[in-house]
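Enquirer: Now for the letters of each chain:
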Amino acid sequence: MIYKNYGNIISNEPIIKNFVYLMIIKEKNIANTARPGQFIEIKTGLIPLLRKPISIFEVDKEKETISILYQVKGQGTKNLSELTANEKLDIIGPLGQGFTIKKFAKKCLLIGGGIGIAPLYDLGLKLKEAGNEIEIILGFSCKETSYAIDYFSKLGPVKIATIDGSLGELGTVEVILEKYNFKDIDKAYACGPEPMLKYLKTLEDEIDLELSLEAYMGCGVGACLSCVCKMTDGEYKRVCKEGPIFQVKEVSFDE
Amino acid sequence: MIYKNYGNIISNEPIIKNFVYLMIIKEKNIANTARPGQFIEIKTGLIPLLRKPISIFEVDKEKETISILYQVKGQGTKNLSELTANEKLDIIGPLGQGFTIKKFAKKCLLIGGGIGIAPLYDLGLKLKEAGNEIEIILGFSCKETSYAIDYFSKLGPVKIATIDGSLGELGTVEVILEKYNFKDIDKAYACGPEPMLKYLKTLEDEIDLELSLEAYMGCGVGACLSCVCKMTDGEYKRVCKEGPIFQVKEVSFDE
Amino acid sequence: MNKLECNLGKLLLKNPITVASGTFGSGKEFKDFYDLSLLGGIMVKGTTPKKRIGNKPQRLVETSGGIINSIGLANGGVNDFINNILPETKNYGTEIIVNISGGTIDDYGYMAEKLSIDGVSALEVNISCPNVKAGGITFGTDPKMAYEVTKMVKNNTSKPIIMKLSPNVTDISIMAQAVEGGGADIISMINTLIGMAIDIEKQKPIINNIIGGYSGPPIKPIALRMVYEVYKSVNIPIIGMGGIMNTTDALEFIMAGATAISIGTANFVDPYIPLNIIDGIEKFLDRKCLKSYTQIIGAAHR
Amino acid sequence: MNKLECNLGKLLLKNPITVASGTFGSGKEFKDFYDLSLLGGIMVKGTTPKKRIGNKPQRLVETSGGIINSIGLANGGVNDFINNILPETKNYGTEIIVNISGGTIDDYGYMAEKLSIDGVSALEVNISCPNVKAGGITFGTDPKMAYEVTKMVKNNTSKPIIMKLSPNVTDISIMAQAVEGGGADIISMINTLIGMAIDIEKQKPIINNIIGGYSGPPIKPIALRMVYEVYKSVNIPIIGMGGIMNTTDALEFIMAGATAISIGTANFVDPYIPLNIIDGIEKFLDRKCLKSYTQIIGAAHR
Ligand SMILES: Cc1cc2nc3c(=O)[nH]c(=O)nc-3n(C[C@H](O)[C@H](O)[C@H](O)COP(=O)(O)OP(=O)(O)OC[C@H]3O[C@@H](n4cnc5c(N)ncnc54)[C@H](O)[C@@H]3O)c2cc1C
Ligand SMILES: Cc1cc2nc3c(=O)[nH]c(=O)nc-3n(C[C@H](O)[C@H](O)[C@H](O)COP(=O)(O)OP(=O)(O)OC[C@H]3O[C@@H](n4cnc5c(N)ncnc54)[C@H](O)[C@@H]3O)c2cc1C
Ligand SMILES: Cc1cc2nc3c(=O)[nH]c(=O)nc-3n(C[C@H](O)[C@H](O)[C@H](O)COP(=O)(O)O)c2cc1C
Ligand SMILES: Cc1cc2nc3c(=O)[nH]c(=O)nc-3n(C[C@H](O)[C@H](O)[C@H](O)COP(=O)(O)O)c2cc1C
Ligand code: FES
Ligand code: FES
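Chains as they are written, first to last, in our numbering: chain Z, 1 to 255; chain H, 1001 to 1255; chain P, 2001 to 2302; chain E, 3001 to 3302.
Because the hints were derived from the structure by calculation, they are not lab data. All C-beta atoms in this analysis are idealised placements derived from N, C-alpha and C, irrespective of residue type, glycine included. Treat each hint with caution, since some may be false.
[Said to hold, decoys possible] Reference listing, derived: stretches of chain E covered by chain H, where coverage requires no fewer than 3 residues with Cβ under 8 Å from a Cβ of chain H:
| id | region |
| --- | --- |
| 1 | 3016-3024 |
| 2 | 3057-3066 |
| 3 | 3265-3276 |
Whenever a hint applies, use it, and build me the whole structure from the sequences.
Expert: Take a look at the structure:
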């Protein structure tokens, strides 16, 4: 079931001002039904016209809240960052398919690049609940623009890479993955920028991997066919409906 | 000289909530040069695109402020009503020609209908400074939607008409004007809705009258030729440049 | 009598509010939001003789307060529609209007015949696609080709046919008259305007197909003007669309001469907009003491 | 070298930022705001052979994030322009481009000859007006008439001539090729799209003339697409316009193929927009380490 409801903003705090924010929204129906990997579509103001897809960062069923972790990019996310507690938020959700959650024999690995870490935290919580051990690899541009590491530390050991080397290893998550021992890992999940996903595609035979993809969305509910991504069989699938979670082997990054 | 400056909002108070507001703006250059009857063009937000023309209600040269009295009609004036003290306001002004101000032999009469009273208050103050005695006629729809009468009472005796008769006489300013004794009046000034102006036009031989007109404006500075009104000689004049103040004998309301 | 009963000649709708092709899928995707039988009709996503996978992404972008799309008529083909989609849409309790596109005039005839079946209330003929046999000129920009398509569809179906006009023409009235001459029962208008957007950082068009169809609020004044012109030029009813977001917009189209209206891009912004408009028009009629919305069709011409 | 030096063939501008005809008067009205010599050029308000008082108001309305205007070419006539306006504009220190309109082809010839005088840097020929001898068809919607107007102007002046295209056509490239064939030195585009708006309370068109020219941000994607198409179709330079509000918009037009750009409706919103754009383009060039903006003209085609 998809809901279009007005949530109530509980808080909207900068993690890094003008850059990354965490917003907690009270909305019963979505909090009760959302699964990790799903997203919501938010009407951020008069302009932009379109809603903006944002992943669910965390769910609190008891408090009937969901939270989102978002990065200010353009007008829509700027609008979001200017909202304050007690304002209403027009949201549609939960949307899309979630990640696979079950008890795996070996460990799970979460791989996040930049704001791509957003859908992975709730996933980690639910994987842990299911009895899994978790390892995490996160990539940022630099120490100053890294965030939410404390959240992931609660899930398991975190390895970090930054482009300028100011925190963790120098480089992208690639430098960590290149020397990573996948023997202990049964399942990996990743979300991040396109170059990262393309790199992960090269590991498809080494590791069982689910990706959360992004695509420009019109409707968010599967009607407009704008958000498609190419599959290895040559067909297009809708990121908003069949996705945003895909098996790495399904997707094709060749143009 | 026309300025485009950011004024600082000192206050923006409802006189009648969601209906009529008084805003005080600190803007030195406009406060120092504006004459009664002139107006400013305000950028009220992203949308509407166009600036909105609003008359100057009062000027305080010492405090370097101007104030505006405005009625909420659509998006632009709604935006205005939502602004708060210390916000910046993007304004262009002072624009247009002012009313004639000098010492007259006999009294001056101010005639205002609805929000048309806005440009008349500063006029009254300046006429009084010039040594004139002033009488005032104001029209509103009803008592509840009448406002700013206290301001005009400071200028001289005020007569009021309301459409429903809940305050003053029953009817429009016409019912007062019909039986008015113009003998003591040297000069009259009016601003209000079109039917009122059309009625005043019929008095053009009885009384020396200046009108403040409205017209839909594009640029506000005389460039686009959208704000024209017809003159008795068949020519069009620009309300934003040659106006908004015209002699009643100049203007034509035919068609 | 129902104030909103909508008579489009051969096609009767319970109210004049429909949803536009390509913006509502087949309806299925909106079933969670409300009972689809509340709608006057659903124009389903464009169908073609054969399956099409559509254009390479990026297929859509917001720009200038509207959107540009170039989906490339992705769809499963007419057989897939008949076998897999129609059985479900039959149960929606609203008129199902099938939007058809082709690359040749024969394609249109083939589709019309195939779709002359139960469950299809009318055919909406999208002529904003290139004629592959005429060097890619769009059917909908040439009055003769538009006439030929209309006649071909007419000859192959007894369903009401709605010809959907492209706004990318010099004289919309000539196009309207051409399709009326070809036997159109109804005109729907407008399809999208051709637009583009450039990414200044990449120095490249944003949409992979370079150009795309521009829709949403920015196109309303153009659509409204065209409906106004066409109302004067033909005697068949018009389904007006182009940037309708609210009751005021819808009433403007009706006053310009539209007998029904269609909601497109607005469905992405708020799926409840069609229902809000139905409600809003009823309230407007009450406020103006009107017995039927038909009293204001074309009112701006008086 | 100056990074913004703009070469339009026979016409050289100090920078590619001009202001569009009808939105800037003759410049006088904006002198309080800034030194007009900072502009690449001023397209002055449309001039006609005889004085015109223009249309009955309401002449302008905001709608859908843009504006619709129908001023009706109000102006004092070409003699008034030469005697009363030109002497002043000569002192502005920028290129003065006179925008001319006529009701017959001869009108254009007459104007071109009259304006072949000192102080006029170029003629911009507005063909979005009806040909009174051809039943009111707009010159700019018929390639043959557009060609004839161009030739007539060309034969009557040695000034650079800029043909201003109307977007209300099926194929803008054909129009561009027609005026290039007629001898145009430069193309400016686009003029306004035809639009309308209705007052639902009065049930009447808002603009007294019923329809008007739609301009501002909403028309940008259409204008940009047309500039992109015309860039591929002709060999003369383009002055791009239509909804340009900021540096990004301006750069999009340049990357689509415009050698210069023109700011219209934006002047009403903020008179400093042309200067902000000059500044913004310089900063963009610095950021991208480019020596001249000419390096990005047409970049989106590569
Ligand atoms: C399934 C999904 C989940 C996402 N989850 C998150 C999240 O949890 N946190 C977060 O910060 N961001 C997330 N994003 C990205 C987020 O949607 C964009 O950053 C946002 O839409 C930018 O909008 P804007 O108006 O601020 O910027 P704009 O300037 O409009 O756009 C900046 C970039 O964002 C992307 N974008 C813009 N509009 C859309 C749209 N309608 N659909 C998809 N992409 C768009 C485009 O790539 C664009 O280039 C997610 C995207 C998708 C598809
Ligand atoms: C010289 C002049 C002085 C004015 N002084 C005052 C004043 O002191 N106080 C006050 O409350 N109002 C004043 N007005 C009227 C005020 O400009 C309009 O009420 C305002 O523009 C409405 O804008 P909106 O977006 O709120 O409403 P909209 O819904 O956009 O419009 C409501 C009505 O306002 C008028 N209007 C809208 N836009 C414009 C425009 N760009 N130019 C002119 N008229 C427009 C139209 O008649 C329209 O029908 C003045 C108008 C003029 C021309
Ligand atoms: C994403 C999208 C897909 C569309 N697909 C079709 C289509 O398949 N067939 C068609 O005739 N029109 C199609 N259209 C055009 C719409 O039906 C409608 O004519 C147009 O968008 C204008 O209305 P609007 O501004 O309300 O969206 C599509 C529009 C959009 C935005
Ligand atoms: C009020 C107004 C008056 C105009 N007058 C003329 C004119 O006289 N001649 C002309 O060629 N174009 C005229 N135009 C069109 C503009 O020059 C320009 O082509 C158009 O507005 C698109 O640019 P914009 O969206 O930046 O405004 C006028 C536009 C407006 C808004
Ligand atoms: S966003 Fe419309 S189908 Fe995915
Ligand atoms: S508003 Fe432009 S001339 Fe008056």
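Enquirer: Each hint needs a verdict: does it hold in this structure or not?
Expert: Outcome of the hint check:
{"no.": "1", "hint": "3016-3024", "result": "holds (count 3)"}
{"no.": "2", "hint": "3057-3066", "result": "holds (count 8)"}
{"no.": "3", "hint": "3265-3276", "result": "holds (count 7)"}
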